[in-house]
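Q: Chains as they are written, first to last, in the working numbering: chain A, 190 to 543; chain B, 404 to 523.
For the record, the hints were derived by calculation from the structure and aren't laboratory data.
Just so you know, not all the hints are guaranteed correct.
Heads up, simulated DSS-like pairs for lysine-lysine below, C-alpha to C-alpha not over 25 Å straight-line [unchecked claim]: (1) B:Lys405 with A:Lys196; (2) A:Lys204 with B:Lys405; (3) A:Lys477 with A:Lys230; (4) A:Lys203 with B:Lys406; (5) B:Lys488 with A:Lys330; (6) B:Lys406 with A:Lys204; (7) B:Lys405 with A:Lys203; (8) A:Lys230 with A:Lys204; (9) B:Lys488 with A:Lys516; (10) A:Lys495 with A:Lys477; (11) A:Lys196 with B:Lys488; (12) B:Lys488 with B:Lys471; (13) A:Lys344 with A:Lys330; (14) A:Lys516 with A:Lys495; (15) A:Lys411 with A:Lys477; (16) A:Lys477 with A:Lys501.
These stretches of chain B come out as covered by chain A in the derived footprint (C-beta under 8 Å, 3 or more residues) [claimed, not checked]: (17) 415-421; (18) 441-452; (19) 464-471.
Every residue gets a Cβ at the ideal spot worked out from N, C-alpha and C, and that includes glycine.
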Amino acid sequence: MDGNWRKRGGNIMKKFLGFAAVVLLALGVWYGWKHFTKTRKHGVSFYAMDTPVTLTAYGPRGREALSRAHARVKQIESELSVTDPRSDIGQLNAAGGAPVQVSEDTAALTSFALHMNALTDGAFDPTLYPVLRAWGFTTEKHRVPEADELAELLKLTGADRVRLSGRALRLDEGSMLDLGGIGKGFAGDEALASIAAAGVESALINLGGNVQTLGLRPDGEKWRIGIKSPGGGLIGVLRIAAEAVVTSGGYERFFTGPDGRIYWHILDPLTGAPARSGVISATAVGPKGRICDAMSTAYFVMGAEKAAAYWKEHGGPGFILLSEDGKLWISEDLNARFTVDPAYAEAEVTVVRR
Amino acid sequence: MKKFIPAAVLLLLIGWCLWSWFAPPGRIVEIVQRGRVTARLDLSRETGSRTIDILAPGGGLNRLLVEKGRVKVLCADCPGRDCVKMGWLRSASLPLVCLPHGLTVRYAPHSEGELDSLSQ
Numbered sequence: 190m191d192g193n194w195r196k197r198g199g200n201i202m203k204k205f206l207g208f209a210a211v212v213l214l215a216l217g218v219w220y221g222w223k224h225f226t227k228t229r230k231h232g233v234s235f236y237a238m239d240t241p242v243t244l245t246a247y248g249p250r251g252r253e254a255l256s257r258a259h260a261r262v263k264q265i266e267s268e269l270s271v272t273d274p275r276s277d278i279g280q281l282n283a284a285g286g287a288p289v290q291v292s293e294d295t296a297a298l299t300s301f302a303l304h305m306n307a308l309t310d311g312a313f314d315p316t317l318y319p320v321l322r323a324w325g326f327t328t329e330k331h332r333v334p335e336a337d338e339l340a341e342l343l344k345l346t347g348a349d350r351v352r353l354s355g356r357a358l359r360l361d362e363g364s365m366l367d368l369g370g371i372g373k374g375f376a377g378d379e380a381l382a383s384i385a386a387a388g389v390e391s392a393l394i395n396l397g398g399n400v401q402t403l404g405l406r407p408d409g410e411k412w413r414i415g416i417k418s419p420g421g422g423l424i425g426v427l428r429i430a431a432e433a434v435v436t437s438g439g440y441e442r443f444f445t446g447p448d449g450r451i452y453w454h455i456l457d458p459l460t461g462a463p464a465r466s467g468v469i470s471a472t473a474v475g476p477k478g479r480i481c482d483a484m485s486t487a488y489f490v491m492g493a494e495k496a497a498a499y500w501k502e503h504g505g506p507g508f509i510l511l512s513e514d515g516k517l518w519i520s521e522d523l524n525a526r527f528t529v530d531p532a533y534a535e536a537e538v539t540v541v542r543r
Numbered sequence: 404m405k406k407f408i409p410a411a412v413l414l415l416l417i418g419w420c421l422w423s424w425f426a427p428p429g430r431i432v433e434i435v436q437r438g439r440v441t442a443r444l445d446l447s448r449e450t451g452s453r454t455i456d457i458l459a460p461g462g463g464l465n466r467l468l469v470e471k472g473r474v475k476v477l478c479a480d481c482p483g484r485d486c487v488k489m490g491w492l493r494s495a496s497l498p499l500v501c502l503p504h505g506l507t508v509r510y511a512p513h514s515e516g517e518l519d520s521l522s523q
């Protein structure tokens, strides 16, 4: 009797252990599969807005999200392109002062550009295209225009040359609008919105050097974004959550003039010449790509002292500025999560506090 | 004894799956020419410093500098030399690209650089 009971007890034990092993195995596989799909990386690279674009999304809905984002970026490119005569901006610039009905995107972004122009006291100016063209930055046939020529062209610039009423946009004759300075930031915002709407929680996009992120990395850590130095290496590495990091530097597009000087494509709206504020790289970091895009240019044009004063007064995107004498200026909101590259270990760092 | 063989195989299989799911990403770099992967390099196994010349099918040269853990285009005879200006390959989301020569140097899928991306 006792022996039988012991035998039956042993059998039950064996069955239980077998069952437990199967359950554990199933749990392990389920967990592994969940982890795999959650961190699965989807990526797409293409050319848009005259620049390489890389979109990366993590998780099971990544692929669908990226195809939506890709389509959205291409749509924005077709609306804003300054070189495509069929785009809103192409038609507007060729309209000779006549009003043009534009898309909702173009109208909204024009209104935003005018707002940023007023906010930065003209440091960000979307009407400099005629001047940029005179320097040859639009055709790669570079030249140094005479002062008289610049003075004439500057008469065509200024936010008051642009009139927006609903979706009807009109320019003064000879004036031109170029939303390229904020177009990439806007496209980034819209691409991330498309990705988020598809149900993705973790994504990173890079539009020609503008970095924008959604959520955290799939491992729950902050994203590590390198800030490129004009010398070719890094200024440092910034850790960010869901934010945009946009850098403006004279090293992106430039040429050496017959006088041996370097001329870059970021122009001072007051002089029409390359902005020489002492800042050679300006990075803006904040929640919106379009604001960071405008402000990185504005900080570059303003120079370190004015940029710091602006930020103290208005807030807005944090900054990392590198001046030509090798000094770094960092707003306090970024200081704790910015690691200076060893190449700048000796640099004098000014932390700007509000 | 025969009973244990399937269990052991199963365990090994599970172990392999878990390893491939959780293993830290490597430093494998792919050289892509006109959309086709023509070579792979494991940067973590490089010792010292060497150069690799890559000839474009239609003519043109890109010279890569490969060191332990990093790679860059050292020089090239393309018009803009944008590939050279990009410096070291730092991030999986920002490959080194030479448009005129149809060349891309990128981290392989599941490999990643020290940075998630580069702002420039």
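Q: Now look at each hint and say whether the structure bears it out.
A: Against the structure, the hints come out as follows:
Simply put, lysine 405 (chain B) and lysine 196 (chain A) have alpha-carbon atoms about 24 Å apart, close enough for the 25 Å limit, and the pair holds. Simply put, lysine 204 (chain A) and lysine 405 (chain B) have alpha-carbon atoms about 19 Å apart, close enough for the 25 Å limit, and the pair holds. For a cut-off of 25 Å, the pair hint linking lysine 477 (chain A) to lysine 230 (chain A) stands: about 24 Å separates their Cα positions. Taking the CA atoms of lysine 203 (chain A) and lysine 406 (chain B), the gap is about 15 Å. The hint holds against a cut of 25 Å.
The straight-line distance between the Cα atoms of lysine 488 (chain B) and lysine 330 (chain A) is roughly 20 Å, inside the 25 Å bound, and the hint therefore holds. Among the hinted pairs, lysine 406 (chain B) with lysine 204 (chain A) is consistent with the structure: their alpha-carbon atoms are about 16 Å apart, no more than 25 Å. Between lysine 405 (chain B) and lysine 203 (chain A) the CA atoms are separated by roughly 18 Å; this keeps the pair inside 25 Å, and the hint holds. A threshold of 25 Å between alpha carbons decides the hint, and for lysine 230 (chain A) with lysine 204 (chain A) the separation of about 41 Å lies outside it, so the pair is violated.
Between lysine 488 (chain B) and lysine 516 (chain A) the alpha-carbon distance is near 23 Å, which keeps this suggested pair within the 25 Å criterion. A threshold of 25 Å between alpha carbons decides the hint, and for lysine 495 (chain A) with lysine 477 (chain A) the separation of about 22 Å falls inside it, so the pair holds. Among the hinted pairs, lysine 196 (chain A) with lysine 488 (chain B) is inconsistent with the structure: their alpha-carbon atoms are about 77 Å apart, more than 25 Å. Taking the CA atoms of lysine 488 (chain B) and lysine 471 (chain B), the gap is about 20 Å. The hint holds against a cut of 25 Å.
Restraint check for lysine 344 (chain A) and lysine 330 (chain A): satisfied, since their Cα atoms lie roughly 23 Å apart, inside the 25 Å limit. Pair hint lysine 516 (chain A) plus lysine 495 (chain A) holds up; C-alpha atoms about 15 Å apart against a cutoff of 25 Å. For the given pair, lysine 411 (chain A) sits about 17 Å from lysine 477 (chain A) by alpha-carbon distance, which is consistent with the 25 Å threshold. Restraint check for lysine 477 (chain A) and lysine 501 (chain A): satisfied, since their Cα atoms lie roughly 19 Å apart, inside the 25 Å limit.
Counting residues of the region 415-421 of chain B whose beta-carbon sits less than 8 Å from any beta-carbon of chain A gives 3, enough to reach three: the coverage restraint holds. Residues of the region 441-452 of chain B with a Cβ under 8 Å from some Cβ of chain A number 0, which does not satisfy the need for three, so the listed coverage is violated. Chain A is given as covering the region 464-471 of chain B, and this is violated because 0 residues of the stretch bring a CB closer than 8 Å to a CB of that chain, at least three being needed.
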